Amino acid sequence: MRTLNTTKRKTRLSNSNLLFMIAGIIFVLMYGFALISYPGSFMHFQTFFDLFNLNSALFIVTLGLCVVMISGGIDISVGAVCGLVTMACAMFLQSTMGSIWGALLLALGIGTAFGVLHGFLIAYLEIQPFIITLGGMFLAQGLLTTLHKNPINVTMPAFVALRNFTIEIPWLGTVNRLGFFIPCEIKPGVIVVVVLVILYAVLMKWSRFGRNVYAVGGNSESARLLGINVKRTMFFSYVISGLTAGISGFVFLMTTGAGNIGNGALFEMKAIASNVIGGILLNGGVGNLLGAPIGTLTLLTINELIRAAGVQSNLQAIVSGLLLYIFIVLQSIIMSLRGRRNFRFALPSWLKPHQLQDEKKIEN
Amino acid sequence: MSRLKAYANRLSHLFLPLSVLALLIIINLIKGTDYFSITMVNGAFYGNIPNILFGASELVILSIGMTLVTAASRGQDISIGEIGAITSATFVLYVLNAREVTLLTILVGFLISCVVGIILGAFNGTLVSVFKVQPMVATLILFLGGRSIAFMIDGKVSPILANEISNKIGTVIPGVPIQTPIILTAVFIAIVAIVLKTTNLRLYVESVGINPNAARLNGIDPKKIIFLTFLIMGVCSAVAGFIAVNKAGRHDSVNILKFIMMDAILAVALGGNSLAGGKFSITGSIIGAYTIEMLNRTLLRLEVNPEAIKSFKAVFIIILMVIASPVVRVMVKKVLDRAKMLYAERQADGLNNTVVSITGTTGKKED
Amino acid sequence: MQSEIILKMEGICKSFPGVRALHNVDFVLRKGEIHALMGENGAGKSTLIKVLTGVYEKDAGQTILDGRPVHFKSPQEALNMGIGTVFQEIMLCPNLTVAENMFIGRSRNNFVQWTKMNAKAAQILDSLGIQASPTQELSSCSIAVQQMVAIARAIDMDCKILILDEPTSSLDDDEVNKLFALMRELKSRGVGIIFITHFLDQVYEISDTITVLRNGKLIGEYQTATLSQIELISHMMGKALSDVSEMKKQEQPKSRSSVPVFEATGLSSAAGVRPFNFTIEKGEVNGFAGLLGSGRSESVRAIFAADKVTGGEVKINGKQVKLKTPLDAMKKGIGYLPEDRKHDGIIGELSVRDNIILALQVMKGFFKPFSRKQAEEFANQYIKKLDIRTPSTNTPIESLSGGNQQKVVLARWLLTHPMYLILDEPTRGIDVGTKVEIQKLVLKLAEDGMSLTFISSEIDEMLRVCSRLIVMKDREIVGELSGKNLTEQDAMHMIAQGGK
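Protein sequence lines correspond, in order, to chains U, S and C.
Using our numbering, read the first sequence as starting at 1 and increasing by one per residue.
Using our numbering, read the second sequence as starting at 365 and increasing by one per residue.
Using our numbering, read the third sequence as starting at 732 and increasing by one per residue.
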């Protein structure tokens, strides 16, 4: 019996893409609002580029966290690891055997070490991710303050040169008060962000590992029955998160030039918020990697808006919280509207929901 | 005899925190045998043990709330420090704006802060019970934004709480040898004990945590119980904030009760409670909280770098979690079963040898 | 129909602590055959499948696949040998596309070739007549389509044997037809299908052969064409093999008061029960007869307000009441012993004592806890009364045997002295001697004035205690039996005919 699909059904937008588009639209609206309301601050291209220039590390951390969140886990150590790496690299660069490649290797090493630790304990020993990565966060913070309490300015010439390296965009720029044309600048950190975004997007969309991550996040039990090595996938998602946090530490150092115990503070919460805004669901399995940078942009734009409006900086945290709240509620409304009966994601153990009506399992 | 057995059974739940406590005491005694010495300073007890009791006051109260939240909702509340920051900010605001500071003022201020705590607890509770958001996610919101709200309330400047009564609350009431925070904590524990004795809170919370479906079919509304535990948590945070701000003498939105949720969760876990909900032991959590305080101070006493303490605690938690992890438990059980079997075989062999020596033949059938 | 045998299971035995799940069961599957595997709860269907696919290790017997004995240690091994299972709960990833779900986890390629994958998926879907686009997210497909995608995956993996575990439970008629069309296509390709279901009509529509299990034993293998519904039902529900002495059957309830204790009209619930009417008198014992899935449990849950009540009126002793939650029902004197003890009944880690006093305690209120002494008294009273085997009242209920757990939950409701008690499969997992005790207890309670609803999958149990049987089929009431019509034959006839 053969039937032909004579009518090509128009396929509905996937959940990941829908949330991504919403995130994108909201960002555009937000930025548009900013442009209109505070043209003085926002009407310059440089402002946009500065979002990236000054916050490259946050973008990078959000990317790594995105992978973990899609797999259904969480990693709240990323901020602390980032901070630790900045201090460690700063110390290394200032020491006699300092070298840029060495520092980079150190950054990757520290990040990967944390990632491996977390990944092993969470994936193979089946311990709750929240507690383990919280422990990792404290471990990193402790190591950070143990290493060096005071800020270290990196004065090593090669590094300073790297920091100061800027790419100028000649055709974009502003005219300053004295009448000189100043072209827009992009810092090296942005290059790293762009490269990583492309790399990770390809990873999540086209690689077997990336698709496995989605599968595990969607329903880990099904993924197992479908032949995917769930433990290995989860393990590597944490390794990636750690590795990325390491990279972000190096980039952070490039951005600020100094190792400081306050570096990376609250990054993990901002990264989670950014991911949620960007359409990556906390339960896992849903989200477009490109949503991570969009979400970060949105979060940063809101903060800039607040600054431009002259509101105190401490309100930023309230705004992050409020934004997160709105997005969580919005997303759950959208998902439940879209949701069909009998469909459920298998929720990972760290996010055990309060299910009141477990479906009835028929005893045979 | 069976009463003793029953008592021993109950104590076995407390095995974990008590053994860690014992270990710490031993370590401390090795460091200096005068560990338990108590002196009188300014008319109050002073020494390692009183200091621990003093220092852990807020943590103990918060751990009690966290125990209930964990037991019923199978998750953790990470905003407890921030709620404490907000409630203590309202307390300070009220007190500083009062014309004169009497005991009544303090009391009213305290009650106001408790109400604020209940409101914030309700915020979290609604998200978890009605909107079915996971506790960690729901409380992430207040965690992120809470301190800024507190900041707004106390007006950016760390207001100083310099009045006699606060001083007495924060340190000691003249004539009473025990510091006030310790007394307050003891009173709180007593109230909790009374509540547990005179209501069905334990039964309801445990039922909901273990099997919400069955609980519902027996007439318990899991949503209401979960909501209630968050309200209680809010009150606990308010009380803890009250003690903290009176101890410090000023309200520092940034640092008050900072990251205390970590210690609270640790105290609950150390107390032998499952982080996945169900049966709970408040006593365990209380002992766990004091143990953590002792751990902090022991590390200081051993002259561990104060910054490194965080790392130590982190490693400690991780090891604890590893030991308690299901995978490791299964492995340990297998090893123990193997050992039992080998032991039993040895016994049997020994018996056979005896049989052989007596009868000259083996009892075993030849295959 | 080809009669070449592709699977033969002989003398399969499997036991778990305390229960013999399978005893000497044989099963044969032929090429291109749709073979229905039927039986009530506890019959052993799912155990047999789990043994076949390697989830369980069998105690005895052998499995012969394509003439060669096989022994699977995991479902993966079974899959590799061509036995695919489609579970009742869709074991796919809802957030992935249809095509991805068909191919993920199968290839060793490090990169996904979307165009190729989508094209291949489209081809397979087309050839099987499945209406779905390869690029749509699985969650946007209906359950029926999701199931068919799962089947498509199995087929593409060259499965020669396909096991469908209750595939039609959540499907509407249209979707069932589509599924059957697919099954017939597969049949024509020579795939052997094991179809586990409890829907009689469907079995008659699609299957070639029927194997009936009961209490872990093989009752027989039959040709669908030559087996009448009544015969099938009698095989499935027939006399239990327990040796039970004759008990006095319940006569008309003593006080025939004009006002029934409980009366419901047009009661419906969110669990999918169609509006039904129900009455029960004081001192009456009635029961719900019907096969698995006929809606008996859902109906009584609606009475207890265990599921969300969506319509209807309820009168208790003539007065209209609104029962919105289980607590409302409890306060009005109704009790409910759930069918699924593990899921809905016991609070695992709590002690036997706490489990016994739970319902009564909740009725008493939040602020009035029983003293320890009082609770102990209650617990001991019922431990004695029902002969509950437990080391102490403090023992966590989950360490008791199934039968004793059941007794504890029964004790819980007896303690509340309800005026109307609903017992859904109260004797499941209980030994024969205790079954009789419980039946006697039910009769005694009725004699003392309690009204009871007794549901059991063993019809002769119900016949022994009930004075009235409400017969259900496919989620609606098809009739009532009482008096001299209260016989097994009549019940089975009514189920078979379905009131149509």
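What the hints contain is simulated information worked out from the structure, not anything from laboratory work.
Careful, some of the hints might be misleading.
What the hints assert, rightly or not - Quick list of in silico lysine to aspartate or glutamate cross-link-like pairs, EDC-like style, CA-CA up to 16 Å:
no.	chain 1	residue 1	chain 2	residue 2
1	C	K1095	S	E671
2	C	K1039	S	D398
3	C	K1013	C	E1044
4	C	K1062	S	D585
5	C	K909	C	E936
6	U	K149	S	D585
7	C	K1055	S	D398
8	C	K1039	C	D1059
9	C	K948	C	E771
10	C	K948	C	D757
Unchecked claim - The following residues of chain S were derived to be distant from chain U, with all beta-carbon distances above 10 Å:
no.	residue
11	L475
12	V479
13	I482
14	I505
15	L508
16	A526
17	S645
18	E671
19	S675
20	F676
21	M685
22	S689
Predicted model, so just to flag it, every value in this text is computed and none were measured.
For every residue, glycine included, the Cβ atom is placed at its ideal position computed from N, Cα and C.
Tested hints:
no.	hint	in the structure
1	K1095(C) <-> E671(S)	violated (53 Å)
2	K1039(C) <-> D398(S)	violated (65 Å)
3	K1013(C) <-> E1044(C)	violated (19 Å)
4	K1062(C) <-> D585(S)	holds (14 Å)
5	K909(C) <-> E936(C)	holds (13 Å)
6	K149(U) <-> D585(S)	violated (51 Å)
7	K1055(C) <-> D398(S)	violated (65 Å)
8	K1039(C) <-> D1059(C)	holds (13 Å)
9	K948(C) <-> E771(C)	holds (12 Å)
10	K948(C) <-> D757(C)	holds (9 Å)
11	L475	holds (26 Å)
12	V479	holds (21 Å)
13	I482	holds (19 Å)
14	I505	violated (5 Å)
15	L508	violated (4 Å)
16	A526	holds (24 Å)
17	S645	holds (19 Å)
18	E671	violated (3 Å)
19	S675	violated (3 Å)
20	F676	violated (7 Å)
21	M685	violated (5 Å)
22	S689	violated (5 Å)
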